[in-house]
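Chemist: Given next are the chains, with one letter for each unit.
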Amino acid sequence: MKLAVFKSDYKTGGDIVDRLSAEKLGIIFVGNGIYHASVKDGGAADPIFQKNANFYVLAEDLEIRGFNASQVPANVKVVTYDDVVDLMFNDYEKIVWV
Amino acid sequence: MKLAVFKSDYKTGGDIVDRLSAEKLGIIFVGNGIYHASVKDGGAADPIFQKNANFYVLAEDLEIRGFNASQVPANVKVVTYDDVVDLMFNDYEKIVWV
Amino acid sequence: MGKLTIGSFPGLVGSLSLDFSVKLAEAAVRKGHSVDFWVSSNGTMLSKKGQRAFKDYPYLAKTIEELFKTGKFQACACEACAEARGYHKEDTMDGWIRKSMDWYLASCFSADRVLLIGGE
Amino acid sequence: MGKLTIGSFPGLVGSLSLDFSVKLAEAAVRKGHSVDFWVSSNGTMLSKKGQRAFKDYPYLAKTIEELFKTGKFQACACEACAEARGYHKEDTMDGWIRKSMDWYLASCFSADRVLLIGGE
Amino acid sequence: MIKKLAFIVRSLPYKNEATRLALTHAIASQTVEIYLEDGDNVEPFLALVGDGVLCGLKNQSNKCYGITTMEQHITNALLLDLNVYYCKEDLERFGISEDQLVMDAESLGGDMKASIVPFSEIQAAMEAADHLQIF
Amino acid sequence: MIKKLAFIVRSLPYKNEATRLALTHAIASQTVEIYLEDGDNVEPFLALVGDGVLCGLKNQSNKCYGITTMEQHITNALLLDLNVYYCKEDLERFGISEDQLVMDAESLGGDMKASIVPFSEIQAAMEAADHLQIF
Chain H
31 MKLAVFKSDY KTGGDIVDRL SAEKLGIIFV GNGIYHASVK DGGAADPIFQ KNANFYVLAE
91 DLEIRGFNAS QVPANVKVVT YDDVVDLMFN DYEKIVWV
Chain R
31 MKLAVFKSDY KTGGDIVDRL SAEKLGIIFV GNGIYHASVK DGGAADPIFQ KNANFYVLAE
91 DLEIRGFNAS QVPANVKVVT YDDVVDLMFN DYEKIVWV
Chain Z
58 MGKLTIGSFP GLVGSLSLDF SVKLAEAAVR KGHSVDFWVS SNGTMLSKKG QRAFKDYPYL
118 AKTIEELFKT GKFQACACEA CAEARGYHKE DTMDGWIRKS MDWYLASCFS ADRVLLIGGE
Chain W
58 MGKLTIGSFP GLVGSLSLDF SVKLAEAAVR KGHSVDFWVS SNGTMLSKKG QRAFKDYPYL
118 AKTIEELFKT GKFQACACEA CAEARGYHKE DTMDGWIRKS MDWYLASCFS ADRVLLIGGE
Chain U
39 MIKKLAFIVR SLPYKNEATR LALTHAIASQ TVEIYLEDGD NVEPFLALVG DGVLCGLKNQ
99 SNKCYGITTM EQHITNALLL DLNVYYCKED LERFGISEDQ LVMDAESLGG DMKASIVPFS
159 EIQAAMEAAD HLQIF
Chain C
39 MIKKLAFIVR SLPYKNEATR LALTHAIASQ TVEIYLEDGD NVEPFLALVG DGVLCGLKNQ
99 SNKCYGITTM EQHITNALLL DLNVYYCKED LERFGISEDQ LVMDAESLGG DMKASIVPFS
159 EIQAAMEAAD HLQIF
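Protein chains in written order, with the working numbering: chain H, 31 to 128; chain R, 31 to 128; chain Z, 58 to 177; chain W, 58 to 177; chain U, 39 to 173; chain C, 39 to 173.
Isolated chain H (complex conformation) (with noise of 0.2 angstroms):
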């Protein structure tokens, strides 16, 4: 299947995110989710990179926030509103939330 995730949370719904799997996963990073894309907790990179997937993260989330795109890491395409739709229509046939 081809499956897009938010991943809305840091801290939590890793372990559900870790054992999802699709032929074409996209993981998309929004809400509190964006920290994965522009924190390292004690200088690592964070686990959820090990995934076989595509990521992205949303603009919008990430300015409120006091991050901009160019402090995201080269892996994670930075989206607006208008894209994720399109990825959810175009790229993606099941979404869900976590």
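Calculated from the structure, these hints are not laboratory results. Treat the hints loosely; a few may be bogus.
Here are the simulated DMTMM-like pairs of lysine to aspartate or glutamate, each with C-alpha atoms no more than 20 angstroms apart in a straight line [stated by the list, open to error]: (1) K156(Z) / E71(U); (2) K106(W) / E123(W); (3) K42(C) / E75(C); (4) K32(H) / D168(U); (5) K70(R) / E136(U); (6) K151(U) / E127(U); (7) K112(W) / D159(Z); (8) K101(U) / D113(R); (9) K42(U) / E147(Z); (10) K32(R) / D116(R); (11) K106(Z) / E147(W); (12) K32(R) / E159(C); (13) K156(Z) / D113(W); (14) K106(Z) / E147(Z); (15) K107(H) / D76(H); (16) K60(W) / D113(R); (17) K101(C) / D113(Z); (18) K107(H) / D45(H); (19) K32(H) / E159(U); (20) K41(R) / D45(H); (21) K126(C) / D48(R); (22) K42(U) / E75(U); (23) K101(U) / D113(W); (24) K60(W) / E75(C); (25) K146(W) / E136(W); (26) K96(U) / E123(R); (27) K88(W) / E123(R); (28) K42(C) / D119(C); (29) K101(C) / E123(Z); (30) K60(Z) / D116(H); (31) K96(U) / D71(R); (32) K81(H) / D71(H); (33) K60(W) / D112(R); (34) K96(C) / D71(H).
Mind docking chains R, Z, W, U and C on chain H? Use the hints.
Modeler: Chains R, Z, W, U and C alone, transformed into the frame defined by chain H:
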């Protein structure tokens, strides 16, 4: 200080409880915090019990989740709402909710 | 163009997750899709009439009003969830439907995409 | 006998944390203490008039009514938090005060114990 | 046409309404036909995974809080012939055995039994579903 | 008499209202005197610890959501001469330096500066406080 900590969640708040210290420290498991005292994730004892503290668990919050007093470790005292009021007024001076 | 069904549980003001779901609905309608918007649990607060704008609070009621005008958006609040909270029919903002949860499931039936925002 | 000030933010029905704070207030009053009960954020839902009892939902409005009768309990809802959510003066259950946050701080000043339930 | 809807419960009960609403929304499939054409319907299934398995413990008491328990909701779901899966790996992680769980609604005259299955079967059910929802 | 009130912010911003309300409640100390006798007052302090330090980052934009940011609230608190502490160990953990944080309200004409202190100093302030509140 004499500090009582209501631990109301199972998955979050450990980081702040870890660093709280007090001459007299009480940790009262309420809400989903009662899982600290009633389940063993992976068979291991919960790390919160490494704190030098008095432990309590709210009976009513155990019972709605399907547990009873006989299932909690011997070092955790099962208390009622009335007992909690007495703890707050007689045994501790400052109270926090985590 | 497709149909997106959004189910949203988080409460008004307290959580930006509800804001997310409203902004997403707005973007989907802007892109030409139609959106069914279902609120249950504390999300039913969004259907309350008479919300006031403050600097400290997102004012989503306004966006919902604009969305209704597009004709590509319908919003429905869980009736029992609303009643439990003391929001009766007369407390409901114009344009909202109030139904049972089967409305949401029926909307999922004909949806191309479903997004359920469950936890807070 | 002492005075307990409780501040509670979690929303009605959605979270048993609000139930906890009401049950704790009830126990404290039963033990002879007096209780000031402050609700802010989604907690202001507790002050809404006309809540209905359902099997699936705790019905805290009833307990609050009983607590008011004891004379050892006062409850205050954050006015701006309530207004933002569309609860106006006329939507407020009998017995409740509506004030700014300084009411809560003043209550803390004279409290023997303070419990703030902040997160959800 | 039948549309399959997955209701994945991954949260602890009672902290917020999410797990309860997973059950009540799934059960609402019983009355959805009023909105649909003849022959159309939805078919929900419930999967309890991660911490969500703790929602299925027996002996939940509503004495103090006076609300329907998750135990009662799962029993109802089974009475109404919904498929309920528990994730085997998570039960093992918590040391929970089958006799501690709501596995049927026999006491109310129901026939349906819940299943304890490896996550791979839940994953397969998710792949077969038209829409997924995580609570 | 002065009562010291601790406002400990340990949560991430924007997920719920808790961190915002920590600030607005603390700031409400400016008007509490109307309820108190002459000479009585409350003295709040704010401590950002754990993930809460992330509330103090500069450049928070309210363009999309249209609400007051945590940055604005902390600036206001400093403008009103509230004590604001950031936990040094947590800033180090996240690799956040002083220049990334709201440290003063100079742009609005305020004199008060925030402090970056080891947790032990926050602990000492908690011990000296009459009441503690964690957000």
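Chemist: A separate judgement is required for each hint: does it hold in the structure or not?
Modeler: Verification of the supplied hints:
This hinted pair checks out: K156(Z) and E71(U) have alpha carbons roughly 14 angstroms apart, not beyond 20 angstroms. At most 20 angstroms may separate the alpha-carbon atoms for a hinted pair to count; K106(W) and E123(W) meet this at roughly 15 angstroms. Between K42(C) and E75(C) the alpha-carbon distance is near 16 angstroms, which keeps this suggested pair within the 20 angstroms criterion. Proposed proximity of K32(H) and D168(U) is supported: the alpha carbons are some 12 angstroms apart, at most 20 angstroms.
For a cut-off of 20 angstroms, the pair hint linking K70(R) to E136(U) stands: about 17 angstroms separates their Cα positions. For a cut-off of 20 angstroms, the pair hint linking K151(U) to E127(U) stands: about 19 angstroms separates their Cα positions. Simply put, K112(W) and D159(Z) have alpha-carbon atoms about 19 angstroms apart, close enough for the 20 angstroms limit, and the pair holds. At most 20 angstroms may separate the alpha-carbon atoms for a hinted pair to count; K101(U) and D113(R) meet this at roughly 18 angstroms.
A hinted pair counts as satisfied when its Cα atoms are at most 20 angstroms apart, and K42(U) with E147(Z) does not qualify at roughly 36 angstroms. Simply put, K32(R) and D116(R) have alpha-carbon atoms about 14 angstroms apart, close enough for the 20 angstroms limit, and the pair holds. Between K106(Z) and E147(W), the direct Cα distance comes to roughly 13 angstroms. Compliance with the 20 angstroms bound is thereby established for this hinted pair. Under the criterion of a C-alpha separation no larger than 20 angstroms, the hint pairing K32(R) with E159(C) is consistent with the structure, at around 18 angstroms.
Distance restraint check for K156(Z) and D113(W): the Cα-Cα separation of roughly 17 angstroms lies within the 20 angstroms cut-off, and the hinted pair is therefore satisfied. Annotation: proposed proximity of K106(Z) to E147(Z) holds, straight-line Cα distance about 8 angstroms (limit 20 angstroms). At roughly 16 angstroms between alpha-carbon atoms, K107(H) and D76(H) fall within 20 angstroms of each other, so this suggested pair holds. Note on K60(W) and D113(R): the hinted pairing holds, with a Cα-Cα distance of about 16 angstroms set against a maximum of 20 angstroms.
A distance of roughly 13 angstroms separates the Cα atoms of K101(C) and D113(Z); the hinted pair therefore holds under the 20 angstroms criterion. For the suggested pair K107(H) and D45(H), the alpha carbons sit about 23 angstroms apart, so the restraint of at most 20 angstroms is broken. Taken as a hint, the K32(H) and E159(U) pair is honoured in the structure, with Cα atoms around 18 angstroms apart against an allowance of 20 angstroms. Our distance criterion of 20 angstroms between C-alpha atoms is met by K41(R) and D45(H), whose separation comes to about 11 angstroms.
Proposed proximity of K126(C) and D48(R) is supported: the alpha carbons are some 16 angstroms apart, at most 20 angstroms. As the CA atoms of K42(U) and E75(U) are separated by approximately 16 angstroms, the hinted pair is consistent with the 20 angstroms bound. Only pairs whose Cα atoms come within 20 angstroms are accepted, and K101(U) paired with D113(W) is accepted, the gap being roughly 13 angstroms. Straight-line distance between C-alpha atoms of K60(W) and E75(C) comes to about 18 angstroms, which keeps the hinted pair within the 20 angstroms bound.
Between K146(W) and E136(W), the direct Cα distance comes to roughly 9 angstroms. Compliance with the 20 angstroms bound is thereby established for this hinted pair. Restraint check: the Cα-Cα separation between K96(U) and E123(R) comes to about 38 angstroms, which exceeds 20 angstroms; the hinted pair is violated. For the given pair, K88(W) sits about 17 angstroms from E123(R) by alpha-carbon distance, which is consistent with the 20 angstroms threshold. Restraint check: the Cα-Cα separation between K42(C) and D119(C) comes to about 15 angstroms, which is no more than 20 angstroms; the hinted pair holds.
About 19 angstroms separates the Cα atoms of K101(C) and E123(Z), which keeps this hinted pair within 20 angstroms; it holds. Note on K60(Z) and D116(H): the hinted pairing holds, with a Cα-Cα distance of about 13 angstroms set against a maximum of 20 angstroms. For the given pair, K96(U) sits about 19 angstroms from D71(R) by alpha-carbon distance, which is consistent with the 20 angstroms threshold. Proximity of K81(H) to D71(H) is assessed by CA-CA distance (about 18 angstroms); at most 20 angstroms being required, the pair is judged to hold.
The suggested pairing of K60(W) with D112(R) holds, with an alpha-carbon distance near 15 angstroms, which does not exceed 20 angstroms. Restraint check for K96(C) and D71(H): the C-alpha separation of about 19 angstroms stays at or below 20 angstroms, so the hint holds.
Consistency note: the structure conflicts with the earlier hints numbered 9, 18, 26.
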